[in-house]
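Undergrad: Below, each chain spelled out in residue letters.
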Amino acid sequence: MNEFKGTENYIATDELQIAVNAAIALEKPLLIKGEPGTGKTLLAFEVAKALNKPIYTWHIKSTTQAQQGLYEYDAVARLRDSQFGDDKVNDIAHYIIKGKMWQAFESEEQAVLLIDEIDKADIEFPNDLLLELDKMEFYCYELQKTIKAKTRPIVIITSNNEKELPDAFLRRCFFHYIRFPERQTMIDIINVHFPTIEDDLMEEALKVFYGLRDIHGIKKKPSTSELIDWIRLLKLGKNTKEDLQQIDYIQTQPPYFGSLLKNEHDYDHISKVKRAGQNTFRRF
Amino acid sequence: MFLDFFLRLKEEGLPVSIGEYLNLLEALNKRVTAFNVEEFYFLSKTILIKHEQYLDRYDVLFGNYFHGITWSELEKKEIPDDWLNAEINRLFTEEEKALIEKMGGLEKLMERLKQLMEEQKEKHQGGNKWIGTGGTSPFGNSGFNPEGVNIGGKGGGRSAVKVWEKRAFQNYASDVELNTRNIKLALKRLRILTREGIEDELDLHTTIEKTSRNGGFLDIEMQPAKKNRVKVVLFFDVGGSMDPYIELCEQLFSAAKSELKHLEFFYFHNCVYESIWKDNNLRYTDRIPTFDVLHKFNQDYRVIFVGDATMSPYELSSLGGSVEHHNDETGITWLKRFVTKFPNIVWLNPSNEYYWDGVPTIAAIKEIFKGRMFPTTIDGLTNAMKTLKGKKTIH
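Top to bottom, those sequences are chains V and Z. With this note's numbering applied, the first sequence corresponds to residues 1 to 284, in that order. With this note's numbering applied, the second sequence corresponds to residues 1001 to 1395, in that order.
Hints may contain errors.
What the hints assert, rightly or not - Calculated cross-link-like contacts (lysine-lysine; reagent style DSS-like; alpha-carbon spacing at most 25 Å): (1) Lys1030(Z) x Lys163(V); (2) Lys150(V) x Lys1257(Z); (3) Lys163(V) x Lys1386(Z); (4) Lys1226(Z) x Lys163(V); (5) Lys1257(Z) x Lys219(V); (6) Lys53(V) x Lys163(V); (7) Lys120(V) x Lys1227(Z); (8) Lys1227(Z) x Lys5(V); (9) Lys1261(Z) x Lys1366(Z); (10) Lys61(V) x Lys1226(Z); (11) Lys61(V) x Lys1184(Z).
No lab work stands behind these hints, which were simulated from the structure alone.
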């Protein structure tokens, strides 16, 4: 039975497990959105690992076209070969380069196909993949044959919301929004990464972390992956909870602050807010 | 089995389709989850809802349909600080602010304001269907006030708050504030790609075709690359009631500058009259006749006005009504000239859409612009860009 329950390195909430399992059972692509750093891309790898399946990853860039995921016909190479009278030129199959989707379709056992950051591509990109994702097949004109998936791959698509996805595409997907982890989930996640962490250090670190996230007007809120990097540094630097208790953001900044906050505007903003005692009306 | 629930979602304007409903039934049939409400909630959400902007509304509807929802979580609703700040800056002079301090300070005033807001809400609810006009409103989402829900058994004895009752997705409704990235993405809607200029790109298709016709000898064909050549003129309202929106206008301006290659901009105060200006420091000395601007740009240009459209009615409809000088022609006349000249024109209004109906000049300008006034939210901006691109008005 294909059932995803999270892995030892990856805490999946009930909600996420149900979304993944529903997508697997009904053979629908699963669209994952969420704040940066909440483990969207990681999910596909962990699903592959948990279910012991091969994974094919297709990372989308602004110039990526749908066709590239299926196959590319290297016309220039064929043209060059033809000018030199190479024998290869008679078989067009030599010049068809398989894309990630084709590879996943060809896989003997069911594969996981990750289409990462689909929103980076052109607005029309998802529309070009409708039939391919629906029927899990496409037609290769050059070879004049239909390529059909041997077993329908588990398709996981991530998006950072830079572009709206078309309705027709959304209708074919299941959707899950990874919410920012609640405190308890966050503690579970930290424990997975740092099994030996002292409780009081984690307590203080979380206090600092959630305190930062609560400050109104921060441009880039620290996310899970930043918290984990930061705790790793705290542990390497042998910091104790006392170090963290002194933080007031005016005199004392948290150690390794740069790994938590990535926008220079936020540093000024925080000290300003802290000086004003977070009372936004004081200036009158 | 859940047909009534599905129809209810549809009725309330969530974009759900029959295919998704069948998927849900199939998932239940395949026993993807155990049969309990919470798992059903997760499952139905993942299958039916495709955008986080609808998650909050789904949570409300789900709770409403399957339980008498407790609203205690919602009643703590705060007045957004930003909003209050902007309004205070706008409404009060320094002396008045001092006066407020004397009268017991802003905290007290805020209390009163909160109280007033509560009362106002009560008045607005009367007998209305709870989603109100939200379901049909032009921008379609979160146009409703959660407190408006007509619910029985307020504060019922249940202590554990169900997941959907937390309404964790409240913030993801799509009329959130804009940052430049969002603005840029919205502006991207306004793309008109054309091939013009230097031939700098290999036209592979024609090259191959010509080469085959040529008996296999290379015959290279070039073409200009596709570029966005949309042309835009921006008119910004500055000063006075626009002050609280300075930051927003700056963001809009910087996003527009980076996204649009052919961008012209001008400033005006409250309403356009016979002259406008390009540099705020030289606004009294270096003015440009509006007719020159009207004649200089042809109809290919997309025109965007940015302003709160909030002024005294005289400034719009009377001769000599301008606050700064004597105008020989009314503001309406000038605005109409723009609307007649440019087929693709919109007005972006940074003020809260909720109050538009209460300001006569906003309604008047909206009418002059044939309804093409949009709020500066992601949805508003996106719709504005779609409107600018085509001939159809979308809202």
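Undergrad: Taking the hints in turn, state whether each one holds.
TA: Going down the list of hints, with the structure as the test:
no.	hint	verdict
1	Lys1030(Z) x Lys163(V)	34 Å, violated
2	Lys150(V) x Lys1257(Z)	50 Å, violated
3	Lys163(V) x Lys1386(Z)	14 Å, holds
4	Lys1226(Z) x Lys163(V)	20 Å, holds
5	Lys1257(Z) x Lys219(V)	21 Å, holds
6	Lys53(V) x Lys163(V)	31 Å, violated
7	Lys120(V) x Lys1227(Z)	18 Å, holds
8	Lys1227(Z) x Lys5(V)	47 Å, violated
9	Lys1261(Z) x Lys1366(Z)	28 Å, violated
10	Lys61(V) x Lys1226(Z)	18 Å, holds
11	Lys61(V) x Lys1184(Z)	18 Å, holds
Of the numbered hints stated above, those contradicted by the structure are hints 1, 2, 6, 8 and 9, listed in ascending order.
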